[in-house]
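Student: Residue numbers (the UniProt record's numbering), protein chains in the order written: chain P, 1 to 96; chain V, 1 to 613.
One or more of the hints may lead you astray.
Below are the EDC-like pairs computed for lysine to aspartate or glutamate, each with C-alpha atoms no more than 16 Å apart in a straight line [said to hold, decoys possible]:
no.: 1; chain 1: V; residue 1: Lys340; chain 2: V; residue 2: Asp318
no.: 2; chain 1: V; residue 1: Lys21; chain 2: P; residue 2: Glu76
no.: 3; chain 1: V; residue 1: Lys340; chain 2: V; residue 2: Asp367
no.: 4; chain 1: V; residue 1: Lys146; chain 2: V; residue 2: Glu121
no.: 5; chain 1: V; residue 1: Lys382; chain 2: V; residue 2: Glu307
no.: 6; chain 1: V; residue 1: Lys212; chain 2: V; residue 2: Glu193
no.: 7; chain 1: V; residue 1: Lys21; chain 2: P; residue 2: Glu80
no.: 8; chain 1: V; residue 1: Lys21; chain 2: P; residue 2: Glu82
no.: 9; chain 1: V; residue 1: Lys382; chain 2: V; residue 2: Glu406
Source of the hints: derived by calculation from the structure; they are not laboratory data.
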Amino acid sequence: MRETVKLISMEGFEFVIDREAAMVSQTIRSMLTSPGGFSESKDGVVTFPDISTTILEKICQYFYWSLQYSRGKETEFQIEPELTLELMMAANYLHT
Amino acid sequence: MEMEMEMASPLVRLCLEQACKSGDAVERWRLQRRSLERLPPHLADALLRHLLRRRLLFPSLLEVFKHSVEKIDLRGESSINAEWMAYIGGFVNLLSLNLSDCQRINNSTLWPITGLTSLTELDLSRCSKVTDAGIKHLQSVANLEKLWISQTGVTEAGISLLASLKNLSLLDLGGLPVTDRNLTSLQGLTKLEYFDIWGSNVTNEGAVSILKFSNLSFLNLSWTSVTQAPDIPHLECLHMNKCALLSISETHCSALSSLKKLVLSGATFSAETEAFYFASKSSITYVDVSKTPIQNFSFLETMTKLEHLDLSSTAFGDDSVEFVACVGDTLRNLNVSDTKITSTGVEILSPHVPRLETLSLSQTFVDDLSILYISTMMPCLKDLDLSMTSIKGFIQKQSPQEEEAEPSLAALKSLTSLETLSLEHPYLSDTALSPLSSLTGLTHLSLKGPSLTDFTLHSLSSLPNIVSLGVRDAVLTNNGLEKFKPPLSLRTLDLKGCWLLTKDAIAGLCKRHPHVKVKHEFVQDSTSLDQNQLLPRSSPPQSFAKASRRKNNPRPETSAAISRSSIDQRVKYNREELVALQDSPLSRLLPREGEFVSVPEILADFDSVIHLT
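The following block holds chain V by itself, in its conformation from the complex (with noise of 0.2 Å):
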């Protein structure tokens, strides 16, 4: 979405801008009914995408675009309600409609969507009031090719209704009720190419009629009790997430030679299975055994196609690390956060994988040795996350004494390409974190450490790229936050957990710079809809939701995990910890000047933080 928009000219750009200025620049161009209806698509669908961003679309004004308009995007926009339908209703030439997320979204508002004749693709994720009822409207929407309707309300009896709309190639019908005897009759359903079921009721037995779909490429059968991937002769992506790969069919031949993306994620195998599986795919790209009871990683030496490894969480370890360099340049993004892996396989791994973009080793025992091989043997590295490892920003001389002892992160500055770094781990001082200053080239950079201080957050602000910073749980004050001069480039400062700053400090800070989206437990904000928004339109976001719950996302986003975060900071520190803080070198980093917060008012805020919960 946001790609389109830096496609387009500059002028039209600002000519967007200026039309949805304000609900009075609209009330001048909309009687133009004539320009209106000669807008090309891709014009009008920006129209449209952008009043509705600035809060400046009503339902009648919906009706100036309905011979335009190809593409409406409305995902997460709690306003709409049958009175808009109606309007879209009328819509001639729409191609696309998105209403995943729209709560108000039922069976009758549905309604008007049997006029959308050209229709082809109908997003309804979680519109959990859409039932069997709403898939009869559905029914009369022939063209229909794409169709999402995971995680509504649907039952078997609405999901046989779909074998009418012959055009389908793709079907999410994530988290559905679906049976064995729903495959059966969605048979005549064979130009079928996208089939999510994950979660459904779907048994071995049913999984058979799968193979009737003959142009299948992609197959969702998650958390399914199926034991047993049917044998798709052209499939290219498998996901079979927590599934119990415990059986291979007798009538298996071809095994799954086409596969190119093998996502098993929590799944359980049998030692034959585990064999079947894995063995030689050398089409394959993207392998996800994450969560797996997998201990011999030796089926990796035969793909030499692979670019995408997710080994996180599984016995993974020093000793496996070999097979991995054997898969050699062609790889791209390895995750072995969670692992046994230790600075001696980053040793061995390193000098294999010099393509590697990509690189987590985060919750594992590498120490700052790993930072050397990192920066010297993996020049194409964009992505590092280093959080929770036993890094301590170090490397130790001969001699014990701590003067001996040099910076580890400075040696980052080799990698000319990383842009996002990661480094949240609890013992990291500013010291150790001071080199990081001078890696130019980071977009994203997230820190959480209750040791760091205001220091460390106006040391980062000479980083002139810088878009996305966190500074997470640190002992940052207001007054350091007052005097920090953010770079122009950054949009997000994330200061969950600070717990030292107050309400005004934070409202001040987002006033002093409207263009930074602070994040603080102080913070109102609506996140869910910028969240929304974020995510790309060509993946169905039901799959984003079950890849946060099912591979156990190791950075939660969920308020759940913000409120428990905010609980550890009140409990970290006791009254006489927060007395001595008044005198702590943080206070003394920055040059004396307005008053500081004094502790009475700290404990007061302290307080009312508790109580408000």
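Here chain P stands alone, though its shape is the one from the complex (with noise of 0.2 Å):
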């Protein structure tokens, strides 16, 4: 089985997406892998206060895209004009 983390948003929502996609982001790689520091790296549960559930499910979708385009498929990602301040914020703090 792929091993999953999840991801919940500032009101709670939960993503559940692969922990290789979540990767992309720099923060929650340090957040997984720091041995023994974070509670999130026995968990693999992160919560995101500061981020809607509208960013952060942009946000997946970016890791799946990025994941996609490493591996040679060059697509275009869609960003909302609306959706670029919060998402660039977000991927900011996430280091993605």
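Now that you have both chains on their own, put them together as the hints suggest.
Tutor: Printed below as a string of structure tokens:
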């Protein structure tokens, strides 16, 4: 079975995604891999009290897009202009 | 600036691009006031910069950034006027504002700056309408630490007003009529570390006051009548280009012992001062003595930490090479262009400078043998300038027959780090240059010569990493241009002086390859703006202008120089030669496909160029 992690948004929505996809974010990567440090590394659950559901969903989409892109599937990642500011801040926080 | 963007995460970059895709996109986020206020400063700064670059920024849009932005760089933007400044005056957290070369900035448009209480850096370089009255506005910006007002309209009276800005650590007054009295009045600026007064009216008498700036580490006295460097204990960088260094004061004791960088291009010396300025400077890493009358280079022996050495346009020759060899393996950059060095000198030097990264031998007598020495003994070379030398591209074997000549440039292949190569040289042929196509690491290559043809252009399309390619003054044809397949990495293609090319052919090239910036007399471009944007923020643009003017840049880029070169092109060939060119080998190098431009057409074009100018 593929390893998954759970990302929880500000409103409490849960996104279960492949661990590999979540690792696209340097921030999540260090949370999940730091030995004994974060509780996240044991449970595989990360909560983001500052990221809304809409934005976290977009972030998850980006993780999968980014994986595909790195494997040579060159499609465009669509971002609605309304989301750019919040998404930019989340991306900045997540180092993705 | 670009570096910051490189470092930003890929999704941040995508968001910035999407946010600045169109005016419509901007309208869809600009009302998200809460998000805008929460933007971290570096993202807000980046967004503003993107909007500006995409020409989507207008005064009232500035309003949304007033809480978040810390840094605004508007250099060279001719649209910046009182309305823009009124909005910028509300940026409560602004730390740095660059208005250099904004030609509409004047004293009254500067007024809103008085409200920028956080401001620590302000660049007004070359805002020529700013005068003493504008400086009065600056007096209320008490936190100002860095101020550039070079080449503005400020006079002696205005400069005196700066005395109240006690926090200044950097002050650039380049090109202003700074007087000795001014220096006395500015003595209270004890935090000053960087002081630039090139081209001022300061004399030896005033220069004594500079001693009061005890924290000074950078001083530029170029183009002044000062004849002796003030003895400042911690000075690390001294510029005295074009100064007559004729005397040494008796109080000199430390003899500028902390000096790391000494720039004396075009300066003159007396025998005594020459010895003084160069004796036992063991800490020095950077020396520029280009265009000086120095005859004796033995001072180099003591400069064991030297990394950068510019001896261009001096009496340097093979007999002085041993002194550079003494510097040895710390040396990274060496410029000996326009000197008497020959291949013999290069042979002596090459085993001693194994870590050399930049070498200019342009306008010297070095020949093809030098290429062999360079290629085998200087493995770290990244940047090599061999323009206007005696290099022919072939090394003659014993037998005088041409078949025996070996291509010399092939040896460059062993320089695996080589990125930039300049071979602007009228006598190099296509065949001589053909080994260049195997230098796959090259990112910048500039060639120039009337015997180069489409063959050279086409063979260079095999360079996989080339970013900037110049094939100037060559007899490239329209047909050849059409068949040219630029490598994907290519961003700039300089075809200036390729006079056979027509306006349509150039336009076609630009259209086929929109990512490539084509330079040619037929391309209308806004180079001035681009150049401004390329200037790194850390160094004041003023020093660039000065450098190119003072150091007599070997690659003049002024518009005057361009138009001169195009005149040369027109007188270079007469009608008979043009007719002869129709059957020249260059047209046979390409598969005959489609129609060639007929000679009458070329002539018609040729005439129209003459009439236009």
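Student: For each hint, tell me whether it holds in the structure or not.
Tutor: Results of checking the hints against the structure:
1. Of the pairs offered as hints, the one joining lysine 340 of chain V and aspartate 318 of chain V holds, with about 7 Å between alpha carbons and a cut-off of 16 Å not exceeded.
2. Only pairs whose Cα atoms come within 16 Å are accepted, and lysine 21 of chain V paired with glutamate 76 of chain P is accepted, the gap being roughly 14 Å.
3. Taking the CA atoms of lysine 340 of chain V and aspartate 367 of chain V, the gap is near 12 Å; set against the 16 Å cutoff, the hint holds.
4. The straight-line distance between the Cα atoms of lysine 146 of chain V and glutamate 121 of chain V is roughly 5 Å, inside the 16 Å bound, and the hint therefore holds.
5. A distance of roughly 15 Å separates the Cα atoms of lysine 382 of chain V and glutamate 307 of chain V; the hinted pair therefore holds under the 16 Å criterion.
6. Proximity of lysine 212 of chain V to glutamate 193 of chain V is assessed by CA-CA distance (about 11 Å); at most 16 Å being required, the pair is judged to hold.
7. Using a Cα cut-off of 16 Å, the hinted pair lysine 21 of chain V and glutamate 80 of chain P holds, with the two alpha carbons roughly 11 Å apart.
8. Taken as a hint, the lysine 21 of chain V and glutamate 82 of chain P pair is honoured in the structure, with Cα atoms around 12 Å apart against an allowance of 16 Å.
9. For the proposed pair lysine 382 of chain V and glutamate 406 of chain V, the alpha carbon gap of about 24 Å is over 16 Å, so the pair is violated.
Figure legend: structure checked against the earlier numbered hints; the only hint not met is number 9.
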